[in-house]
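Order-wise, the sequence lines are chains A and B.
All letters in the first sequence, in the order written, are residues 1 to 96 by the UniProt record's numbering.
All letters in the second sequence, in the order written, are residues 1 to 517 by the UniProt record's numbering.
Since the hints were made in silico from the structure, they are not lab data.
Model, not experiment: these values are computed from the prediction.
Please note that the accuracy of each hint is not assured.
[As the list claims (entries may be wrong)] The list that follows gives simulated cross-link-like pairs (lysine-lysine, DSS-like), each with its CA atoms no further than 25 Å apart: (1) K80/B - K70/B; (2) K112/B - K42/A; (3) K42/B - K14/A; (4) K485/B - K3/A; (5) K25/A - K120/B; (6) K271/B - K402/B; (7) K207/B - K271/B; (8) K14/A - K38/B; (9) K14/A - K40/B; (10) K374/B - K25/A; (11) K117/B - K14/A; (12) K25/A - K145/B; (13) K70/B - K145/B; (14) K391/B - K374/B; (15) K42/A - K69/A; (16) K14/A - K120/B; (17) K3/A - K71/B; (18) K46/A - K105/B.
[To be verified] Label-pair ranges, simulated between beta-carbon atoms: (19) L83/A - H8/B: 17 to 27 Å; (20) H8/B - E51/A: 38 to 48 Å; (21) Q6/A - K13/B: 14 to 24 Å; (22) E149/B - G36/A: 55 to 65 Å; (23) H8/B - Q40/A: 32 to 42 Å; (24) S54/B - Q40/A: 48 to 58 Å; (25) R146/B - L83/A: 43 to 53 Å; (26) K38/B - D61/A: 32 to 42 Å; (27) G308/B - V74/A: 55 to 65 Å; (28) R55/B - K69/A: 12 to 22 Å; (29) Q221/B - L41/A: 35 to 45 Å.
C-beta atoms are modelled at their ideal positions from N, C-alpha and C, and glycine is treated no differently.
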Amino acid sequence: MSKESQLRALVNQKLIEMGERERLKELLRARLIECGWKDQLKAHCKDVIREKDSEHVTVEDLVAEITPKGRALVPDSVKKELLQRIRAFLAQHATL
Amino acid sequence: MSPAACSHVNGFKVDNWKQNLRVIYRCFVWSGSAETRKRKAKSCVCHVCGAHLSRLHSCLYCVFFGCFAKKHIHEHAKSKRHNLAIDLLYGGIYCFVCQDYIYDKDMEQIAKEEQRKAWKLQGTCSHLFAPAGIGERYSTWEPTKRELELLQHNPKRRRITTNCTIGLRGLINLGNTCFMNCIVQALTHTPLLRDFFLSDRHKCEMKPNSCLVCEMSQLFQEFYSGHRSPHIPFRLLHLVWTHARHLAGYEQQDAHEFLIAALDVLHRHCKGDDNGKKANNPNHCNCIIDQIFTGGLQSDVTCQVCHGVSTTIDPFWDISLDLPGSSTPFWPLSPGSDGSVVNGESQMSGATTLTDCLRRFTRPEHLGSSAKIKCSGCHSYQESTKQLTMKKLPIVACFHLKRFEHSAKLRRKITTYVSFPLELDMTPFMASSKESRMNGQYQQSMDTLNNDNKYSLFAVVNHQGTLESGHYTTFIRQHKDQWFKCDDAIITKASIKDVLDSEGYLLFYHKQFLEYE
Numbered sequence: 001m002s003k004e005s006q007l008r009a010l011v012n013q014k015l016i017e018m019g020e021r022e023r024l025k026e027l028l029r030a031r032l033i034e035c036g037w038k039d040q041l042k043a044h045c046k047d048v049i050r051e052k053d054s055e056h057v058t059v060e061d062l063v064a065e066i067t068p069k070g071r072a073l074v075p076d077s078v079k080k081e082l083l084q085r086i087r088a089f090l091a092q093h094a095t096l
Numbered sequence: 001m002s003p004a005a006c007s008h009v010n011g012f013k014v015d016n017w018k019q020n021l022r023v024i025y026r027c028f029v030w031s032g033s034a035e036t037r038k039r040k041a042k043s044c045v046c047h048v049c050g051a052h053l054s055r056l057h058s059c060l061y062c063v064f065f066g067c068f069a070k071k072h073i074h075e076h077a078k079s080k081r082h083n084l085a086i087d088l089l090y091g092g093i094y095c096f097v098c099q100d101y102i103y104d105k106d107m108e109q110i111a112k113e114e115q116r117k118a119w120k121l122q123g124t125c126s127h128l129f130a131p132a133g134i135g136e137r138y139s140t141w142e143p144t145k146r147e148l149e150l151l152q153h154n155p156k157r158r159r160i161t162t163n164c165t166i167g168l169r170g171l172i173n174l175g176n177t178c179f180m181n182c183i184v185q186a187l188t189h190t191p192l193l194r195d196f197f198l199s200d201r202h203k204c205e206m207k208p209n210s211c212l213v214c215e216m217s218q219l220f221q222e223f224y225s226g227h228r229s230p231h232i233p234f235r236l237l238h239l240v241w242t243h244a245r246h247l248a249g250y251e252q253q254d255a256h257e258f259l260i261a262a263l264d265v266l267h268r269h270c271k272g273d274d275n276g277k278k279a280n281n282p283n284h285c286n287c288i289i290d291q292i293f294t295g296g297l298q299s300d301v302t303c304q305v306c307h308g309v310s311t312t313i314d315p316f317w318d319i320s321l322d323l324p325g326s327s328t329p330f331w332p333l334s335p336g337s338d339g340s341v342v343n344g345e346s347q348m349s350g351a352t353t354l355t356d357c358l359r360r361f362t363r364p365e366h367l368g369s370s371a372k373i374k375c376s377g378c379h380s381y382q383e384s385t386k387q388l389t390m391k392k393l394p395i396v397a398c399f400h401l402k403r404f405e406h407s408a409k410l411r412r413k414i415t416t417y418v419s420f421p422l423e424l425d426m427t428p429f430m431a432s433s434k435e436s437r438m439n440g441q442y443q444q445s446m447d448t449l450n451n452d453n454k455y456s457l458f459a460v461v462n463h464q465g466t467l468e469s470g471h472y473t474t475f476i477r478q479h480k481d482q483w484f485k486c487d488d489a490i491i492t493k494a495s496i497k498d499v500l501d502s503e504g505y506l507l508f509y510h511k512q513f514l515e516y517e
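Okay, chain B solo, but in the shape it has when bound (with noise of 0.2 Å):
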């Protein structure tokens, strides 16, 4: 077998030949149609013996289907001179003179496009879809002629090994950006954004310099080019106050706020990305901050008089979940915990767990009377109650432990022990689950099963200190078990004790299993 096609196939290569071979392909290789896979089921059986399963081919030339393990198809090929077959099980091209399959780009590049047209028609055929479903498959990566030449220019390559320090990179307070530095750590060990950006997937569509999605692309640049000096982000700082006023000047700002900050800005600035499907509605693109960051929050109000329900379905990109010692009324959840053990934290009388606030979140809170609302099913205004669950998650849930509070009473850091948990099932929170409750289905055992709503935590914000001067460090996680403390300028090892003890602000998990849509 030669590395080049071989010549036999010049013959072949004549007049319609691409229009004759696709037709081959779609009609007995790779059938896709209900049509085409009759006349697949009918026709293809050896000319000579009748069998159907000793490796049929199919000549090229004419239209003759022989066994490859009984030889038929070489006697046809030897009479005939016709020396090109095709396997109808996988679509590999045979020629009788170099005796062995051969590959012809051109003729690669046809079966290529025809099988991935059959496969996307099957997938589409839903009533015949059984458990083991088609779709889209994948394969192998094959380099095009511009990437090999870039993989040639540049034979430099850095090797991942576990212990190497590649991603980590101190950054400099360049006066009370602790606030910025403790998310921008967070954000560059976001593994999704990580991979969109070092595969430089954005198309700028701004002026040059007033980017902020150009500028977070130089900064995973910077982040992974091995340099271990800390980087100085002015240029990011820039941009920030530039784009989001209320965030300038040297004061301390509040972290939770620069993300969300953040994440609007580099949402609107990434428009140039969005491949124009959705781009007619502005709270639906499909910008990559997007698919990492936007859930939706279901909210229902249930009437209390007619118990009919309106839902509404908002996006949200973090939880704001509040603490016990706040001035919202927190305790008690249900008489008497039982100390079990759920989401991997042990439940004792007095510590809170990230799964108690959680389920406050999204237990039903009844309207008092002073805020009644109008029911369309009794026309008329009711008490009611509403309650919050999770419709969709984000691939990416950032929980917010509400700690200051600015009440008109007063301000203060709220400094409770929240405990959180390394590995986090959001399944008893989600509208779905909700819904199986309410219908009787107590349905645990198999929630637990699905792993959809699975999620492990990768990036931990802290705040040290009072409401008037603090401290903000981070805590993020590099490869699976390897704990980091970034303190602006300064990387340590940490370890999960260290993580798991600290008092917690900003909580990113991130899910574990990634579905293709």
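Chain A extracted, bound-state conformation (with noise of 0.2 Å):
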């Protein structure tokens, strides 16, 4: 593993473990339900199962389909602040 990967992986362990990562997925909720970005995903889902056969659908499918857009439709507010805490984080716990 990389040192880079090797760095990520602890963040990642320290996030969970001092149960910060639950309460940053809630902000993400959260900003994302606020800003419509969810209602706006969920009718472009909706148009995606439309469009293809709607019996035949899988979770993958809808995946492959939404993740492209999802990405590109989240605020940079929204991308900043969470930056802004994770930073804050890890200055706070900067053991590592």
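Since each chain comes alone in its own frame, lean on the hints to assemble the complex.
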């Protein structure tokens, strides 16, 4: 494993241990609902299902279809906020 | 994906599978406690490549974690013939034979329970609490089997449009009973009370036909039935006479007295609804009346010598405000009102506002030398000042303008116009505001950001006439901006101007923002 992925794993571990990962997930969830991202993607999912054969759509198909759009639609402000939170958390627990 | 779960789960559902599944959820998916979190952090990595972020799945048949994106879990499933895996991020169950996520009722049930437990655990770890607190999360309603049956057997649906008049109904006057009718109109249009009764939440423990809460429930059914003919509240009147003797008879009574008596009887008859939490304390029950109407009034008595403060908090259902022109000393408030605008009312000299009355209510009052109290600090009788503030605001705040004067000298009605706002911010009258003012923190801008103390007007009870003979009517608010005047059996549309120009006797305000407790 490269040094970078080792560091990533360590950060992830710390986030999970301190419960911060859950809190960040909740924060992200709230922000994405507030800005309408959830509704936008839900509508997109419905369109995808309508286009394809609705009896045989699997979760995998949906994930493949909506992931690029979902990633693109996240507002910059949300990305900034979460980055800030993670930075603050790392600064606080700088024993890594 | 078939609507029923696939048959491949049956191979898994043997022996102690429920407990095993719970352990997996608790330890690796929704880790609530610090211990499980540590374990999750350490062990949740792909056994093949060590990655932790590529949609990790856990095999349900053995201890194996594998990436989904890089298909490591797929290889494991194929080689070991373990065809079920669980997504460690969202808890979904994947079947490799069906090649899709499946939804098994029993497993879903377990997943939901474990998720709720984990949330609860996280909510209590207050030292780890960040601003994005978790607490009890909202989950969408799913009908039970019984509810689905009921919905199918009762296919008639009522559509609420902005123009529909459902909830509005006149009340026949049974002989000077307008004092009762006006309060009933206000209560049936109190949103939280309406929700409580329409969802049938009252469990009666009294003899049939003797419970006022049951009668209120019936009343709500009548009001929201869609009938447009006026309702005849004879049963309500009879119950009121039975339980509040002082209001019996055909004379005109005071609407405010009726309100307090009605709330009292409803509160007493709600015994069955108190879920036993505070059953031992008669002053502090959990019934719907207390939840909606009860606030806490803080009384601070400050000794003028040692400045020690003795504080008591009393529950209240309404705030009775003295008016200018009454025989109690009222004005002046502060030298030279500066004509500023507070709470949307302009304070021109002359026009009294509700805010003026509230300010007068909460100002420190010097208890003269004839009313010395025993100070526990000085151990002697000293002069003191007393101040009232709001410790806890109720969800519905009822203001009673004391228009009827019954002093030894005279009996009369004070008809001074008092202007009241559509939106009211109670922050300046809170005990917490007073404390921060005393500590020198003038937090005015912060307080106006606090949404907790903002109220909206939803009902106004007016009295026309004199002390001897008069008539009560009510303005109530329907939907957001529609107002209606309820004059016994006659309901007419009213404008906001009509409402705000009226004299005002009882003013009902509802909290704008409600929080879960």
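Of the numbered hints stated previously, which ones are contradicted by the structure, given in increasing order?
As far as the earlier hints go, 4, 6, 10, 12, 13, 19, 20, 21, 22 and 24 are violated by this structure, in ascending order.
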